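When you get a sec, could you build the whole thing from the sequences and use the hints?
Residue-level listing of the chains:
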Amino acid sequence: MSTAAAPNYELIQQDGLETNLLEVSMGPHHPSTHGVFRMDVKLDGETVVDLRPVFGYLHRNHEKLAENMSYLSSMPFTDRLDYFNSMTNNWAYALAAEKLIEVEVPERAEYLRVIMAELTRLVNHVTLIGFFINDLGALGTPLLYAFREREKILDLFEQASGARMMCNYFRFGGLRNDVPEGWLKRAGEVVDRFPYFLDEYEQLLCENEIILSRTQGVGNLPRELAISAGVTGPMLRASGVAYDLRKVDQYGIYDRFKFRVPYTEGDTGDCYDRFMIRVLEMRESIGILKQALAGISEGEIMGNAPRVFKPKPAESYGRIEGPKGELGFYLIADGTPKPYRYRVRPPSLINLTVLRDMCLGGKIADAVIILGSIDIVLGEVDR
Amino acid sequence: MSILGGGIFKGMAVTLRNFLGSYTNKKERLPTIDYSWRADGALPQGIGDYPKEKGEQLSDTTTVTEYSRNFPMLLHDGGEPMDTVRCVACQICERECPPQCIYIEKDYDENGKYIKRPAVFDIDVSVCMSCQICVEVCPFDAIVMNSQFELSTPDRFGGLLMRRDDLLKSNDYYHKIHPEEAAARDAKIAAEKAAKEAKKKAAAEKARAAAEKKATEAAKEDAK
Amino acid sequence: MNEISHEPVLQQFPDAEWDEAAGAVIVPLGQARTMAEWLLGHGLDYCSNVTGVDYLEREVKEKITNDAGEVETVTRTEPARIDVVYHLYSMQNKTGPLVLKQRTSRDNAEAESLTPVWRSCDLQEREVFDLFGVNFKGHPDQRRILMWDEFEGHPMRKDYTEPFDYEWEPTPHNEILEKHQKGKVIV
Chain A
0 MSTAAAPNYE LIQQDGLETN LLEVSMGPHH PSTHGVFRMD VKLDGETVVD
50 LRPVFGYLHR NHEKLAENMS YLSSMPFTDR LDYFNSMTNN WAYALAAEKL
100 IEVEVPERAE YLRVIMAELT RLVNHVTLIG FFINDLGALG TPLLYAFRER
150 EKILDLFEQA SGARMMCNYF RFGGLRNDVP EGWLKRAGEV VDRFPYFLDE
200 YEQLLCENEI ILSRTQGVGN LPRELAISAG VTGPMLRASG VAYDLRKVDQ
250 YGIYDRFKFR VPYTEGDTGD CYDRFMIRVL EMRESIGILK QALAGISEGE
300 IMGNAPRVFK PKPAESYGRI EGPKGELGFY LIADGTPKPY RYRVRPPSLI
350 NLTVLRDMCL GGKIADAVII LGSIDIVLGE VDR
Chain B
0 MSILGGGIFK GMAVTLRNFL GSYTNKKERL PTIDYSWRAD GALPQGIGDY
50 PKEKGEQLSD TTTVTEYSRN FPMLLHDGGE PMDTVRCVAC QICERECPPQ
100 CIYIEKDYDE NGKYIKRPAV FDIDVSVCMS CQICVEVCPF DAIVMNSQFE
150 LSTPDRFGGL LMRRDDLLKS NDYYHKIHPE EAAARDAKIA AEKAAKEAKK
200 KAAAEKARAA AEKKATEAAK EDAK
Chain C
0 MNEISHEPVL QQFPDAEWDE AAGAVIVPLG QARTMAEWLL GHGLDYCSNV
50 TGVDYLEREV KEKITNDAGE VETVTRTEPA RIDVVYHLYS MQNKTGPLVL
100 KQRTSRDNAE AESLTPVWRS CDLQEREVFD LFGVNFKGHP DQRRILMWDE
150 FEGHPMRKDY TEPFDYEWEP TPHNEILEKH QKGKVIV
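Chains as they are written, first to last, in numbering that gives the first Met the number 0: chain A, 0 to 382; chain B, 0 to 223; chain C, 0 to 186.
By construction, these hints were calculated from the structure, which means they are not laboratory data.
Computed from a predicted structure; not experimentally measured.
Treat each hint with caution, since some may be false.
To be verified - Here are a few chain C residues that sit away from chain A, every Cβ distance over 10 Å (derived from the structure):
id: 1; residue: Asp14
id: 2; residue: His86
id: 3; residue: Lys93
id: 4; residue: Asp106
What the hints assert, rightly or not - Pairwise CB distance ranges (calculated):
id: 5; chain 1: C; residue 1: Gly42; chain 2: B; residue 2: Asp140; range: 52 to 58 Å
id: 6; chain 1: B; residue 1: Asp140; chain 2: C; residue 2: Arg102; range: 30 to 36 Å
id: 7; chain 1: C; residue 1: Trp17; chain 2: A; residue 2: Lys309; range: 22 to 28 Å
id: 8; chain 1: B; residue 1: Asp164; chain 2: A; residue 2: Lys257; range: 29 to 35 Å
id: 9; chain 1: C; residue 1: Lys157; chain 2: A; residue 2: Lys311; range: 18 to 24 Å
Heads up, the beta-carbon is just placed ideally off N, CA and C, and yes, glycines get one too.
Set out below in structure tokens:
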């Protein structure tokens, strides 16, 4: 690390006392960095003067791995990108590959995909809010309330796909298996009771003085910067841009559902906006889930697609609105069973572009909250 | 918020409501460990008192859910395992396995002739990521997922390497742990077999008709 | 989602080519920055994805109708190259994508950085530099991002061979062990 090798700190004269800038290496093993992420922070007292994110501790070259195996074989590896949201990761990859082989997805499968994706969004947002409050200093209780709700949805995932987190459930042209009997009823129960939890959580947290004073006006992200830096997902909408791929691209069957896209009015978003956008998005997800559970019908769940295939030479870019932002897969086929180029556009990594801009001038304790409000998962940042 | 510290009372009230509600209010709260979705509504055998009462049979008969998966097993149709094993050592799963944890060697008789079964079939459980790709690519329905979960062992290398004989499980056992899936798979195999037999029968019929025709023609020739 | 027509781009920049098979605009050498600024001014405010693609030298067989009207198979060698691919969208008009490709040679890979135009290229171009070894002219902070600073080579290049496995572990099979020692295990 360059900390020891660079002793040329500027000296600051302050009331006759000589003080130095302090360089702190936060992470990689720091509980607030959500994994193995490091920030080299330069501090003047408690104020952040400079910040440099350092990546790569969890790098395993996922893209190279996928280029050396067939299309189907890299599906389970996509689960491990953003390990909270394996279902949406699967969907993005399936979407890109389905463009290459041009296969129709049956209607029941499309409905189940929407249900799984929205449940995943609930899981992600509820966990994020729990961890965010944890970063603020409320250790334990709010996080565990959040985890209690997440647990019920993970039970649903386990019953449908066999695994709680690494679901590996989507296939090119449909889904791996149908949901077991009674699953939809059970899912309906979970969805019906979720708003009770949200009401309670909002009552507990959204007007809490500590949360208001710690998050409002902290980590401001102006709209122009957010657009230019390619920030996507709830973070972009918190900065006042109503851009949601479920509305813009209408992939899958999202054109059949009625839902609103929450965004803030104004030119800038702070940590509180990003927190509230996620709460509001969960309410919209519940609405979509109710419509989907009411609209689903019996039928096939797998289109006419082979397990192992050789697509014609072509390029495709499939992107979906993941819970963290735009998750894209860029595939180049060259006529062999393996993709010639396989690229993941990770929302977590690109949202981190603006970390430095948001943290400068703030306090070191705020850097932790700002990082928490960006919502990163290191499996996806480092790939 | 007007009162200073009002948030504390609010928070305490929510905590208290959650505490009391966990005893009384069942409508708003689903318990996290809830098996009411199961047909019999009962906990799976052994799960309730798991660490205390850890029976011999636990890992062999307990399934958590129908699709629960942990690592693969090889199916045989009963009797002497190696006589009825479905695997023909075609090595498709070895090729497709994403973490490359399967190792197969073909079996040969003393004349060097390939007999359709594996001589070596190893799965390194420490590498296996339970993704079920091997099950999906297998054309012979020979490999399926087990739901056994007690795999702890003091030996890091040998203990986590499942040899062929550890992996062999009967179809009855499969029916016990994944009843719906096993029934569907059996139905599929039966349908394939029936189709194959019908085809065979049709071919035989055709051959016989051809032979008869030939014979009658020959008889005609003779009559001339 | 409405597609963006590539025709205006080709009209404005006559040197640019349109690659029909890939659906991408091939940016002429040295004009990437001007083109990016022009596109930004015409509504493409969001650069979603930046990545590299490595092509080794390869032989392509093509069927061509010759002067006499006969179809014959011609083999030509396609030179090695690296493409830097940009996927552009418009957030204000909700349209896209428009795909840009900067082509560069493999030996002396160099491209123009578009980070001054779209900030989102920042980390992604660093990644392309790290994994493909493309030097971005005008990038404000070009360092390795995923690999460590002392790392040699660019692992996403197609001809990259890994050094002897640094995280070697004994495995139960002799054959895998041997493959490991030859550095040939598929990872």
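Hints versus structure:
no.	hint	in the structure
1	Asp14	holds (22 Å)
2	His86	violated (6 Å)
3	Lys93	violated (5 Å)
4	Asp106	holds (20 Å)
5	C:Gly42 to B:Asp140: 52 to 58 Å	holds (55 Å)
6	B:Asp140 to C:Arg102: 30 to 36 Å	violated (49 Å)
7	C:Trp17 to A:Lys309: 22 to 28 Å	holds (27 Å)
8	B:Asp164 to A:Lys257: 29 to 35 Å	violated (58 Å)
9	C:Lys157 to A:Lys311: 18 to 24 Å	holds (21 Å)
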